[in-house]
Amino acid sequence: MGTFALQMKGITKVFPGVKALDNVTFSVRKGEIHALCGENGAGKSTLMKILSGVYPVGTYSGQILINGEAVFFKSIKESRQAGVSIIYQELALVEEMTVAENLFLSHDLMRQKVINWNKINAEAQKWLSNIGLNIDPQTKVGDLTVGKQQLIEIAKALTNKTDILILDEPTAALTESDVEILIGLLKDLRSKGVTCIYISHKLGEVMTLADTVTILRDGQTISTDPIKELSEDKIVTKMVGRELTELFPYQARLIGESILQVENYSSFEAHSGKSIIKNVSFTLKKGEILGFSGLMGAGRSELFTSLFGGLKGKKQGKVIIDGKETNIQKPADAIQEGLAYVSEDRKRYGLILGMDIAKNSTLVALNKVMKFNIIDDALEVKRADEITRKMKLKAPSLETKVGQLSGGNQQKVVLSKWILNNPKILILDEPTRGIDVGAKYEIYKIINELAEQGVGIVIISSELPEVLGMSDRILVMTEGSISGEFTRKEATQEKIMACATGGKIREQSIAY
Amino acid sequence: MNNPLPTNANVIPKENKKLSFKLDFQAYTLIIALVLIALIFGFFTNGEFLSSRNLSNLFTQMSVVAVLAIGMTLIIVAGHIDLSIGSLVGLTGGIAAILQVWFGMNTVVVVIVAVAVGALVGLWQGWWVAYRAVPAFIVTLGGMLIFRGILIGISEGQTIAPLNNSFKLIGNSYLPYSIGYIIAAISVVLLFVSTARMRAKRQSMGLAVPSTFVDYGKVAVYSFFTLLITYMLNRYLGIPISMLIAVSFAGLFLFVSLKTSFGRYVYAIGGNAEAAALSGINIKRNVLYVFILMGALAGVAGVLLTSRLNAATVSAGNMLELDVIAACVIGGTSLMGGKGKIMGAIIGALIMASIDNGMSMMNIETFWQYIVKGSILIFAVWLDISSKK
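Protein chains in written order, with the working numbering: chain A, 1 to 512; chain B, 1 to 389.
Looking at chain A on its own, in the form it has when it is part of the complex (with noise of 0.2 Å):
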C-alpha cells in the first residue's frame, strides 16, 4: 500500500447557482478500500461522477492523476477503458438477459461476428465462482434477489478490467445476509489487489471494511484520515460539524390542538405485500412543524405517499384529521381532507412542465376558479397572480412554461398549487432539494409563516441542519418505523445521526 492509485486534485464544480465541490483533494492508495462520506448534497456523486467521466473534462477545474499519470475522461468510455468502474445505487443490468449476457454485454466477446456462446458461458462460469457466486450462467438477471444482482454488477465491472472499483451506496437496498456476502467480497478483493472506493451512509459498515475515510461536507473535504483513528461518532461529527447559522428564521409559536393523529399505522408494498410501515403512531398540532429524518429508504416519504392515498396496497391503522376518523383510499380524498403534499421530486409528482405556471398553479383548487363549472379565465390568472406573488415567484409570465423555470421557482410554483387550496395539513417531502441558497431562505419564510396561520406542517429532510432549524419536534425512522423522537432543545444532529443509523448496523458490524 505504498503509491498512488487515484489523485483528484483541486477540484471545483459550479452548477448553475451552486458550488457543488470547492477545491476538493481525493488521494486513493493502491489496494485499499477507502470510504467516502458525507451528508446528502455534500458532493460525493458529483466527484465520482467527475471521476468516471460523466461530468467530462471541461466542465470543472482541477487535475485528476490515475497510477500518477494525468487523465482527462470525455466520457464514461474513456474512464472504463482506463480502468475505472463505477456500481450505481440504481443498478445497470438488463432483467431480461441471462447473468452470462449481461455480465459480458460490452465486453469484446460479444463484440464478434457470431458469439461464441459456449465460451461466453464458460467465462461467466469462472467469474462467477471467482467472486463465490454459485448460480447458473443462463438464470435471468430478473429472477435473481437484489443483493445477487449487485454481486453480478461487481463481477461485470471486472470482467472488464477494473483497477479502481467504485460503490455507491451498495447496500443500501440489501438485506443482512446479501450485506455480509458483499463485505466479505469487497475484502476478498482487496487481497487481490483491486482498489476501491466505497460511498455508505452506513458507518457501521465503514468501520469494518474500509482502510481510509474522506469526508466532505458542503462540496469541501475535510479530513483523509485511517480508520484506525476514527470512531463512528467522529465520523458523524465530521460530516455534519456545521455551525446552525442564521439560515433558518425559526420563531417560536403557539401550538394548537391536534389536527392529525396517526395510530398504529401499517402500509404494505402492493405487489409483492410485503410490509414498507410498521406500527407508526405520531400526533401532528395546530402550527406545529414536525421534522421527519431519517437515511434515504428509511420510509419516511412512503409514509407519507401512503396516508395521501398514493400508494396502492393494503394499509392498515387509524388516521384521525381534526377528530374525525377518515378513510383516505386515493389523493383526492386527501386533498378533500385538508391534505397536501409537496413531493420529494416535483419533476416527476408535483408539476405539469409543459403547462404554463397559472395553470400548474390552479391545478388542485381548479374549482376556485370556476363559476357554474366553467373556467373563468380572468379569475383563475388573477388567482395565481396573487399567490405566485406571495410566494415570491420570479418568472417572465405566469404563461411561462414551468419546465423552464429553475428549481426553486418551480417549488415555488409547487407550493403555490397546494396552499392556494388552503390546507390544514402541509407535507413537504425534501423542500428545498436542490435549490440555491436564497430560494431556501424564502420557502422557509413561507413553511414558517403558514405555521403562524395554523396549519399543521410536516418536513421530510435528509438534510439535518434543516429539520433541525425548521422543526418544534422531530422524529426519526429506520427501517419503516419511528425509531425516535426529540423536542427542538434537546434535538443535535450527532443524536438524530446515531438514532437514524442506529441499533441493528451496530449489532451487525460487531458480528463482523
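Hints listed in this document are in silico derivations from the structure and should not be mistaken for laboratory results. Just so you know, these numbers come straight off a predicted model, no measurement behind them. We put the beta carbon where it would ideally sit given N, CA and C, even for glycine. Just so you know, not all the hints are guaranteed correct.
[Said to hold, decoys possible] Stretch-level coverage of chain B by chain A, calculated; a stretch enters the list once three of its residues show a Cβ under 8 Å from a Cβ in chain A: (1) 200-213; (2) 250-262; (3) 265-279.
With the hints as your guide, set chain B onto chain A.
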C-alpha cells in the same frame, strides 16, 4: 376558420407581448403552410382549386376528418392513440344504413343509434385502456379489426343503399344563402363582444390587458376569413351542412378543452400522469370519458360519411385513422401527450384534405398522394421534435 371563442392567448399579461408572438409562431406557420398550399394548387389548376365550387367540395370532404380530429386531439393529448376510428366510422355508418334501408327506421332514430353505438364502443375501449391498463395502441388495434369484422358480418359483405332523402341531406345539403350570412354575421359579432367583455373583465380585476391592436387585430382577421369563406361558398350552393356540423363540434370541444375542468385534466394527465394523480385528478375516469367522446364523434363521422356517399360499404372509413392522426400531428398535437390544440387539428384536417383534393385536380396519380401525405406526416413530427430542443 370560424371561431367564436376567445383563445387562450388573451391571458398573457401586457409585459410579455414579445413572448406571446414567439409562442404563437407555430400557429402562424400552420396558416402560412395552408396559404402556400392554396397558392400552389391555385397556380397549377389555373385558379380552379380556389373556385367556389371546389372550396365547397373541399370543406365537405374535410368535415369527416375534422370531426374525428377533434376527438383524436383529446385522445392524443391524454397520452393515448385510437387506431380503431376508421373501422368504427364504417361500423356506425353501416349500422345506420342497415337500420334505415333494411328495417325502415327513420333518420332521427338512426342517427341517435349510430352515435350511441359509437359512444358505447368508446366506453368499451376506454375501459380496457383506463381500468385494465392495456395500452391504447393494442386495444384500438384490436378494435380496428373487431369493428371491421362486425361490419362485414352484419352487412353480409354488401353495399347498403340507398338511404332516405332526409338522411342523404345531412351530408349533401347547404344552408340557404341568407342564413349562411346571418350565421357568419352572428359569429363575427360574438367574436367582438366576447373579446370586449374579456378585456373589460380583466381590467376590472386589475390584470394586464393585451394591446388593443393585437386583440382586435386578431378578431378582425378571423372575421375577415369567416366572411370571405361564407361569401365564396355562397357563390356556389352555400355553406355545406356537414361543414357547419364540423365547425359546431370544433367550437363545442374548443370550449370543453379550454373552459372545463375535464379539459384541463386531460392536458394535465397527458403532461404528467403521476403529478396529475397526486393532485387529486381521477386519471382512469377522465381517460374513459375521452374515449367515450371519441367513440361518439366517430358515430357522427359515420353518419356524415354514409350520408355523403348515400351508401354504406364494407370498406367505408378504411385507413381514415391515419388521415386523422396526421391532421392532429400537423396541427401541432404532440404524440408525447399533454400538448395539442383543437383549432390546430382542424387546420391540419384542412391541409390534408387540400392535398388530397388539389392533387386529384392536378390529375396526379393516387400513389403519389400516399407518398406525399406520408412524407408530410413524418416532416410534421420531425418539426415538432426538433422544436423541443
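Worksheet item: Looking at the structure, which of the earlier hints fail to hold?
Response: none
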